[in-house]
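The residues making up each chain are set out below.
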Amino acid sequence: METAGGLILFLVGFFTLASIASVSTLGLNICWGVTGLFNIGIAGFYAVGAYTSAILTAEPSVPSNPHLGGFELPIPVGWAGAMVMSAAIAWIVGKVCLRLRADYLAIATIGIAEIIRITFRNWGAIAGGSYGIHRIPKPFESWPQPWAEIFFLLLMIAVVVVIYLVIERGINSPWGRVMRAIRENETAAAAAGKDVERMRLQAFVYGSALMGLAGALSAHYLKQFLPEDTEPLTATFLIWVMLIAGGSGNNKGAILGAFVVWGLWTMSEFLTDLLSAEWATRAAYIRVFLIGLLLQVVLQFFSRGIIPEKPPVIRRGETNAVKAEAG
Amino acid sequence: MTLLTAQGMTGGYGGMDILKGVELAVDAGEIVVIVGPNGAGKSTAMKAIFGLVHLREGNVTFDGQEITNAQPERLVRAGLGYVPQERNIFPNLSVHENLEMGAYTRRDDIAAALERVYTLFPPLVEKRKQAAGELSGGQRQMVAFGRALMTDPKVLMLDEPTAGLSPLFMDEIFDRIIAVNETGVGILMVEQNARQALEIADRGYVLATGENRYIDTGPNLLADREVVESFLGGGGGNVGNGNGDANAPEGSGDD
Amino acid sequence: MIEFFNDYILSALILGSIYALGAIGISMIYAILRFAHFAHGDLLTLGAYFAFELVDRFRAHPVISIPIAMVTVAIVAVGIDYAFYRPFRKSRPIIMVIASFGIALMLRSTFQLLWGTDDQYYWSIQPPLESLEPFLVGAKHLYIGGAVIVLISATHYLLAYTRTGKAMRAMSDDPDLARVTGIPTERIVIWTWIVGASLAAAAGVLLGMDTRIKFDMGWNLLLPMFAAAILGGLGRPYGAIAGGMVIGGLEELSTLVIPGDYKSAVAFGVMVLVLIFRPQGIFKGRVL
Chain G
1 METAGGLILF
11 LVGFFTLASI
21 ASVSTLGLNI
31 CWGVTGLFNI
41 GIAGFYAVGA
51 YTSAILTAEP
61 SVPSNPHLGG
71 FELPIPVGWA
81 GAMVMSAAIA
91 WIVGKVCLRL
101 RADYLAIATI
111 GIAEIIRITF
121 RNWGAIAGGS
131 YGIHRIPKPF
141 ESWPQPWAEI
151 FFLLLMIAVV
161 VVIYLVIERG
171 INSPWGRVMR
181 AIRENETAAA
191 AAGKDVERMR
201 LQAFVYGSAL
211 MGLAGALSAH
221 YLKQFLPEDT
231 EPLTATFLIW
241 VMLIAGGSGN
251 NKGAILGAFV
261 VWGLWTMSEF
271 LTDLLSAEWA
281 TRAAYIRVFL
291 IGLLLQVVLQ
301 FFSRGIIPEK
311 PPVIRRGETN
321 AVKAEAG
Chain P
1 MTLLTAQGMT
11 GGYGGMDILK
21 GVELAVDAGE
31 IVVIVGPNGA
41 GKSTAMKAIF
51 GLVHLREGNV
61 TFDGQEITNA
71 QPERLVRAGL
81 GYVPQERNIF
91 PNLSVHENLE
101 MGAYTRRDDI
111 AAALERVYTL
121 FPPLVEKRKQ
131 AAGELSGGQR
141 QMVAFGRALM
151 TDPKVLMLDE
161 PTAGLSPLFM
171 DEIFDRIIAV
181 NETGVGILMV
191 EQNARQALEI
201 ADRGYVLATG
211 ENRYIDTGPN
221 LLADREVVES
231 FLGGGGGNVG
241 NGNGDANAPE
251 GSGDD
Chain F
1 MIEFFNDYIL
11 SALILGSIYA
21 LGAIGISMIY
31 AILRFAHFAH
41 GDLLTLGAYF
51 AFELVDRFRA
61 HPVISIPIAM
71 VTVAIVAVGI
81 DYAFYRPFRK
91 SRPIIMVIAS
101 FGIALMLRST
111 FQLLWGTDDQ
121 YYWSIQPPLE
131 SLEPFLVGAK
141 HLYIGGAVIV
151 LISATHYLLA
161 YTRTGKAMRA
171 MSDDPDLARV
181 TGIPTERIVI
191 WTWIVGASLA
201 AAAGVLLGMD
211 TRIKFDMGWN
221 LLLPMFAAAI
231 LGGLGRPYGA
241 IAGGMVIGGL
251 EELSTLVIPG
261 DYKSAVAFGV
271 MVLVLIFRPQ
281 GIFKGRVL
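First to last, the protein sequences are chains G, P and F.
Residue 1 is where the first sequence starts when you use the working numbering, and the numbers rise one by one after that.
Residue 1 is where the second sequence starts when you use the working numbering, and the numbers rise one by one after that.
Residue 1 is where the third sequence starts when you use the working numbering, and the numbers rise one by one after that.
The set of hints was computed from the structure by calculation and includes no laboratory data.
Take these hints with a grain of salt, some might be off.
No more than 27 Å apart at the CA atoms, straight line, and that leaves these computed lysine-lysine pairs for DSSO-like [stated by the list, open to error]:
#1 P/Lys129 <-> F/Lys284
#2 F/Lys284 <-> F/Lys140
#3 F/Lys263 <-> G/Lys95
#4 G/Lys223 <-> G/Lys138
Covered stretches of chain G (chain F as the covering partner; in silico rule of three or more C-beta atoms under 8 Å from a C-beta of chain F) [what the hints assert, rightly or not]:
#5 72–86
#6 289–298
Remember, predicted model here, so these are calculated numbers, not experimental data.
Glycine included, each C-beta is placed from N, C-alpha and C at the ideal position.
Kindly produce the complete structure, drawing on both the sequences and the hints.
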């Protein structure tokens with residue numbers, strides 16, 4: 001019975017974290033899959049959301065661990081606040097950086113995320129420095145185990161489902177169709193009179209808000225949040241692998257990818273746990289290596305949908321000539 | 001003898017067919033001109049010959065070899081040169097280096113070839129160390145032309161060589177084209193200035209909406225009123241009023 | 001004044017040179033292959049570790065190990081390109097960016113696997129200071145300075161006087177026109193990797209000489225190197241050198257006004273400013 005209980009708790013934990021990851025992948029899908037924005041700054045927005053919610057909802061700070069707030073507001077306020085803060089930061093970042101081409105945007109978002117992370121780590125007065133923020137409330141935590149965990153999981157699943165439905169509505173709306181047009185051929189969309197910049201900004205903001213929410217959900221799940229929790233490997237890179245593996249542009253794929261890749265990641269942890277102690281630390285690196293390799297394999301062999309042929313080269317200045325020639 | 005033949009060329013950008021069964025031919029030492037209204041597919045036809053636009057049907061042969069959809073490197077080695085209409089020089093390389101790049105595929109001594117180019121385009125001599133991007137439009141065109149000549153082509157394809165040039169430069173370029181042709185290089189040229197081009201052409205092809213319409217010698221085409229009025233009046237093409245007035249004012253597009 | 005030199009100028013020069021060497025590769029790869037190579041920093045680290053093995057196992061002098069490391073990393077880079085980037089030559093460039101991000105991860109984890117996470121050094125004790133009193137210039141600074149001068153001169157010679165170098169500059173100007181001219185583009189691509197990767201390897205060894213060898217040493221320099229390349233104008237190798245020196249200088253001098261932790265913000269800030277106000281950089285490189 002004990003092992004069954006242990007197994008149940010493990011599975012619940014697994015699915016909970018996978019669900020939280022799905023929130024990130026769904027957010028990333030809005031940026032990348034639908035609009036073609038390459039946001040490597042996931043970890044940054046994740047951190048913003050987590051810390052915001054923590055500050056809003058946690059118990060007041062203690063002298064040994066000073067941080068801003070601990071306003072003990074209700075949890076939903078924290079989550080809403082997380083999304084709003086992430087959206088706000090994304091809005092500022094987007095206003096500045098979105099006009100950049102995809103590669104530049106990638107570099108820029110890495111830089112932003114790094115700066116955000118460093119800021120939080122050094123901002124002792126606001127974010128608790130390297131000690132982080134603790135005693136964050138968790139939904140259902142007063143309930144007996146394993147029901148507390150199970151209901152938290154159910155709540156996560158509900159969140160994912162709601163987000164999925166909202167996004168699906170959005171994608172199939174006129175808004176979504178314009179988004180996809182922009183992704184496929186920005187020049188044509190602009191020529192058709194669509195306000196490309198504004199819509200890209202919207203996508204960026206919505207997507208980042210979801211990443212912030214994921215951060216908040218994590219913080220509440222773990223009941224604490226430290227700078228290490230924003231480690232780009234899991235917070236950013238793994239999310240990317242999840243999205244690409246699941247087939248980007250596709251919300252179901254985003255969720256599926258999250259679960260599958262999280263499964264692989266967890267399994268690899270199992271396998272390496274079986275190794276002797278001497279190999280234990282090395283095992284972690286092997287896992288990272290394999291994830292990187294998995295990404296290459298997926299990119300080369302399993303991602304028809306995201307590797308279209310380059311659109312025909314239309315050089316500046318020749319555009320009108322080509323249009324005329326093609327007319 | 002016929003060096004370049006293209007038959008039944010069908011294809012275009014993306015999924016759309018711009019060319020619908022176009023045929024072209026260039027004999028050794030000929031000047032062949034492609035004219036027609038905007039959107040006729042003239043530049044596209046040339047790009048298709050050079051493998052830059054995918055042909056889903058049709059074939060192209062050069063000097064006895066099949067070259068349909070072949071890689072440009074192979075074509076240059078075979079003796080087919082190409083000067084695109086725009087972005088046809090390396091702006092950050094000097095004039096001299098641009099010419100050297102033209103000779104990249106050659107293994108022999110290129111000093112003589114360089115001499116020939118500088119003799120043909122004297123203004124380039126004093127600019128040889130200057131970055132090509134700093135030159136005027138007409139001089140850049142010379143560099144582009146010279147670069148292609150360095151590949152020692154048997155046939156040279158020029159895409160609107162006089163586009164954006166002042167009338168004075170236009171004449172100069174045409175003179176150079178004739179001079180090059182007299183050394184034995186075949187010329188295939190797309191031109192908006194149809195009239196002047198056809199005057200120097202051995203043969204002309206009139207294209208419209210991706211198809212051949214007329215094939216004849218240059219002078220014959222110019223003399224045919226129907227051709228002139230129906231097909232040579234479009235866009236920046238300048239044919240005057242079609243009654244053979246050689247001195248009709250010819251302002252070309254933008255400078 | 002002397003102190004200013006010792007505290008700031010010297011480190012600015014060294015850091016700037018390291019950025020410059022790395023930025024050349026990033027700049028050329030961007031212009032010729034049209035993607036931002038996210039694994040470039042790890043090529044630096046790879047060079048540093050190769051050299052470390054030579055120093056550690058074979059008692060080689062670190063300076064001697066530089067050329068060997070350069071050759072080895074060049075070979076590895078060409079191999080990586082063949083296996084992981086070449087399949088995407090005709091795809092949207094962003095795919096190669098993603099792939100390179102994954103390669104960076106694979107390289108970094110390999111470093112941790114093979115060499116652990118502790119700091120390593122080329123010298124167990126620092127080599128003695130050459131007597132250039134009162135300047136605090138050590139032997140290692142002279143090695144670094146000498147190596148930088150040699151490498152940049154060699155690169156200049158390659159780019160300005162050899163056929164391959166000119167073809168690289170031509171492709172960097174306009175890859176499509178280069179194709180049309182008959183330049184064998186795939187071969188020039190390989191040369192680009194060779195040059196870019198070997199310079200990165202050298203930069204890594206120099207960085208290791210100056211500070212320490214650690215698995216993430218190159219990765220941490222990625223942002224400043226990108227900033228340097230963008231500042232100088234993508235595809236302009238001399239621009240990359242200038243950009244590197246400027247970024248290095250700004251970063252070191254910035255410690256006068258802001259806390260050291262935020263150094264990366266300097267490079268980032270410069271980069272964003274350049275991208276907004278003068279995206280083609282100082283020397284007018286590629287924008288798109």
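Taking the hints in turn, this is what the structure says about them:
| no. | hint | verdict |
| --- | --- | --- |
| 1 | P/Lys129 <-> F/Lys284 | holds, 19 Å |
| 2 | F/Lys284 <-> F/Lys140 | violated, 35 Å |
| 3 | F/Lys263 <-> G/Lys95 | holds, 24 Å |
| 4 | G/Lys223 <-> G/Lys138 | holds, 6 Å |
| 5 | 72–86 | violated (count 0) |
| 6 | 289–298 | holds (count 6) |
The structure does not agree with the numbered hints 2, 5 stated previously, though it agrees with the rest.
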